[in-house]
Amino acid sequence: MTLSSHGQLPTILRRHQRDILTEWIRFQMRSTATRRELISEADLERESSEFLNAFIKAAEAGGATTGDLSAPEWQAVREMLEQLSRSRAQQGFSPSETATFVLSLKQPIFDRLRREVKDVESLADETWSVTVVLDALGLRTMEAYQKRREDIITQQQQEMLELSTPVVTMWQGILALPLIGTLDSARTQVVMESLLQRIVDTGSLIAILDITGVPTVDTLVAQHLLKTVAAARLMGADCIISGIRPQIAQTIVHLGVDLNSVTTKATLADAFAVAMKRLGLGVTKVAASPKAPASIETALPGGA
Amino acid sequence: MERIPILKMGRFLLVSIQVDMHDQLAMQLQDDLTQRIADTGAHGVLIDISSLEIVDSFIGRMLGNIAAMSRVLDAQTVVVGMRPAVAITLVELGMSLSGVRTALNIEQGMDMLSASADTAAERGNVHVAN
Chain A
401 MTLSSHGQLP TILRRHQRDI LTEWIRFQMR STATRRELIS EADLERESSE
451 FLNAFIKAAE AGGATTGDLS APEWQAVREM LEQLSRSRAQ QGFSPSETAT
501 FVLSLKQPIF DRLRREVKDV ESLADETWSV TVVLDALGLR TMEAYQKRRE
551 DIITQQQQEM LELSTPVVTM WQGILALPLI GTLDSARTQV VMESLLQRIV
601 DTGSLIAILD ITGVPTVDTL VAQHLLKTVA AARLMGADCI ISGIRPQIAQ
651 TIVHLGVDLN SVTTKATLAD AFAVAMKRLG LGVTKVAASP KAPASIETAL
701 PGGA
Chain B
24 MERIPILKMG RFLLVSIQVD MHDQLAMQLQ DDLTQRIADT GAHGVLIDIS
74 SLEIVDSFIG RMLGNIAAMS RVLDAQTVVV GMRPAVAITL VELGMSLSGV
124 RTALNIEQGM DMLSASADTA AERGNVHVAN
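First to last, the protein sequences are chains A and B.
If you want this note's numbering, it's the position in the first sequence, counting the first as 1, plus 400.
If you want this note's numbering, it's the position in the second sequence, counting the first as 1, plus 23.
Keep in mind the hints are simulated off the structure, nothing from the lab.
Just so you know, these numbers come straight off a predicted model, no measurement behind them.
Only true hints are included.
One side of the interface only, derived from the structure: several residues of chain A facing chain B at Cβ under 8 Å: (1) 592; (2) 593; (3) 596; (4) 600; (5) 627.
C-beta atoms are modelled at their ideal positions from N, C-alpha and C, and glycine is treated no differently.
Sequences are here, hints too, so could you generate the full structure?
Below, the structure written as structure tokens:
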């Protein structure tokens with residue numbers, strides 16, 4: 401890079417700032433035509449003009465000659481871009497739509513350079529330095545976008561983990577743990593800890609693990625379940641596994657998983673009935689009610 | 024030398040582990056307990072580990088061994104009050120202590136022992152009557 405090229409680019413940019421901005425916005429509106437609903441024209445204009453301003457300032461400070469974005473001249477541009485791509489990621493823009501914001505600035509700047517710089521060699525130099533900077537900015541945008549997306553995923557994972565492991569008391573001495581979603585090692589750990597803690601807190605004798613909401617059971621999931629059952633047994637509480645769907649029963653047998661050591665029931669109601677019976681409790685019908693289905697007495701056999 | 028006390032309560036023996044177990048102490052407990060079962064002719068042993076915060080595979084095996092030895096000497100063993108962290112550790116170590124009976128607290132453990140001792144006594148009576 402020669403000193404003359406360092407002088408030329410910022411001057412050209414500053415002189416034609418308005419034209420470049422107009423062309424840039426037009427180009428963006430064309431390419432993001434389908435995304436009008438996500439961002440208003442006024443916002444786009446404001447963001448574009450702020451960015452262009454910061455970009456020219458950085459170029460004037462000498463940043464464009466090196467193409468090194470970690471230089472202090474680029475600080476403001478970097479921060480603005482990261483902020484922008486974070487908010488785009490949240491608004492639901494696609495990666496290429498987000499990157500287009502910076503990359504579409506190339507065309508208007510190249511047009512200006514071609515018109516203003518007559519010397520072929522310095523035109524090539526200027527074009528090259530602008531390309532390097534804009535590409536680096538584009539990559540930076542993608543990184544920030546990706547990072548924001550990953551943050552969202554991590555946050556959701558965390559929330560799901562907390563939401564999906566409630567331990568409910570069904571009766572004095574009977575706990576139920578409705579498991580919903582895939583069981584992996586991390587979740588099993590949380591499930592086990594919260595169940596065991598609740599067993600201590602409530603002094604419950606029986607815990608029902610309901611796996612109606614677990615989509616698939618493989619050997620690993622079965623092993624996790626058995627571990628939970630074994631830990632509860634060590635503390636002195638019995639476990640019943642309920643909510644085993646027909647397909648899952650088939651899978652378990654085909655996989656050769658041994659569930660003989662655990663009481664298993666098809667539905668949560670069956671498991672609850674067994675738990676009541678073990679504690680010497682029963683359900684009786686107090687009075688005839690026309691609304692109650694006739695089968696309720698047989699579903700939960702009363703008396704002990 | 025430090026020892027874990029073994030208390031006699033009627034037909035049963037009560038062992039309450041209040042200190043951190045080390046291997047020597049565990050071996051000593053095995054010796055003492057088998058001796059006491061033989062001496063007293065107790066029908067049940069209640070091991071309270073609610074104060075036990077740290078277990079390793081040796082202590083886990085010791086609990087299993089004690090249960091097996093007591094069974095040979097015709098006494099039921101119930102381990103009571105295991106902490107959640109201890110239970111998780113034992114399961115992760117692959118020791119589910121399948122031969123050991125467990126209860127949440129002393130009271131329930133005592134009920135469990137009484138119930139099984141009563142049924143054993145009844146069975147014994149029937150046998151004698153025949």
